[in-house]
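Engineer: First to last, the sequence lines map onto chains H and L.
Numbering-wise, our numbering puts 4 at position 4 of the first sequence, and it's gapless, one number per residue.
Every position in the second sequence, counted from 1, becomes a number in our numbering once 104 is added.
The hints are simulated quantities; they were obtained by calculation from the structure and are not laboratory data.
Among the hints, a few may not be true.
As the list claims (entries may be wrong) - A few chain H residues facing chain L, derived, Cβ under 7 angstroms: (1) L41; (2) H63; (3) D67; (4) A74.
Note that CB positions come from ideal geometry on N, CA and C, so glycine has one too.
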Amino acid sequence: MSTVWATILGLTLATAAVKAVVPVLLGGRDLPERFTGVIALMAPALLTALVVTSVLADGDRWHAGADTVGVAAAGVVAWRGASVVTTLAVAVVVTALLRLAGLP
Amino acid sequence: MGADDRASFREGLRLGVPFGVASFLLSMSFGVVARETGFSVLAAVAMSVLVFAGSAQFAAVAVLAAGGGAGAAVAAGTLMNSRFLPMGIALAPSLPGRAWWRGLQGLAVVDSSWALAARGDGTFDRWRLFGTTAPQLVAWYLGTVVGAFGGELIGDLDRFGLDAVYPAFFLAVLLPELRDRDRRGVAVVGGLLALALVPVAPPGVPVLAAGLAALWGLRRREAP
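One chain only, chain H, in its complex shape (with noise of 0.2 angstroms):
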């Protein structure tokens, strides 16, 4: 078989087995309330990492770019109630503007 079959058969097992591992442990019961409560500490935790590691990093070395200033941008109008499009579309002409401008 391929390198690049091989990778593709692997990957496919290794995701599912990811995605699926929790709910076929974990599911179909009842947890603690303490449980529950740190649950809903995980998305603004998970959320941000996603966010920093975006706009903030690029591969293993941090990096702010276009797309660092266009995201920012986003927020300020997400943050004074502005739609989720009206914010993406925000962050999108930001920075493909920047870019344009010969920002990286």
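Fit chain L to the known structure of chain H by using the hints.
Structural biologist: For chain L alone, kept in the frame of chain H given last:
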């Protein structure tokens, strides 16, 4: 599936459409990159259909492009996917049925559907999750087909600023959470931890570590 479930599913479909557009463009660029790395059209499309996890696919292909083997590529993609473990911990109690059926439902999770299905109290609306994933699944497949066939015509998609779509979305979902003091604290700790790990940990690990940082809140709450 009751009337409420159907309403949730339709609501999810509606919410998922903008992310479907972003998925289409992202998977188009995946198709282009995969072809450049030596994938056949069939292999590029098969990977999107079977794996359906954007960041993992990009990570695996980047390893192959750098000359790495299949084992290293699968490992990189799996680390990228490891955030689905804490997401699964959060979601699992909201998935009913037998073990195999819960596992199958778990496969439907993508970042945006997980975030949009969260009710904010620790429970999830699973039909809204399935609805939000559906348009992104279809778009992910179609985009890969277009990118794999028409790569040379499309070129570099970054100039359109589309890489800002996903972080801006996550930020939009995150901001309302930050009005609560506990959640703000965990967000700051998780964000700083992820950023600190970027130069030293393999890709994917910083986000996983941030998710597990929430467990730190468990210990704090145990204290009297």
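Engineer: For each hint, tell me whether it holds in the structure or not.
Structural biologist: Hint by hint, here is what the structure shows:
| no. | hint | verdict |
| --- | --- | --- |
| 1 | L41 | holds, 4 angstroms |
| 2 | H63 | violated, 9 angstroms |
| 3 | D67 | holds, 5 angstroms |
| 4 | A74 | holds, 4 angstroms |
Against the hints set out earlier in the document, a violation occurs for number 2 only.
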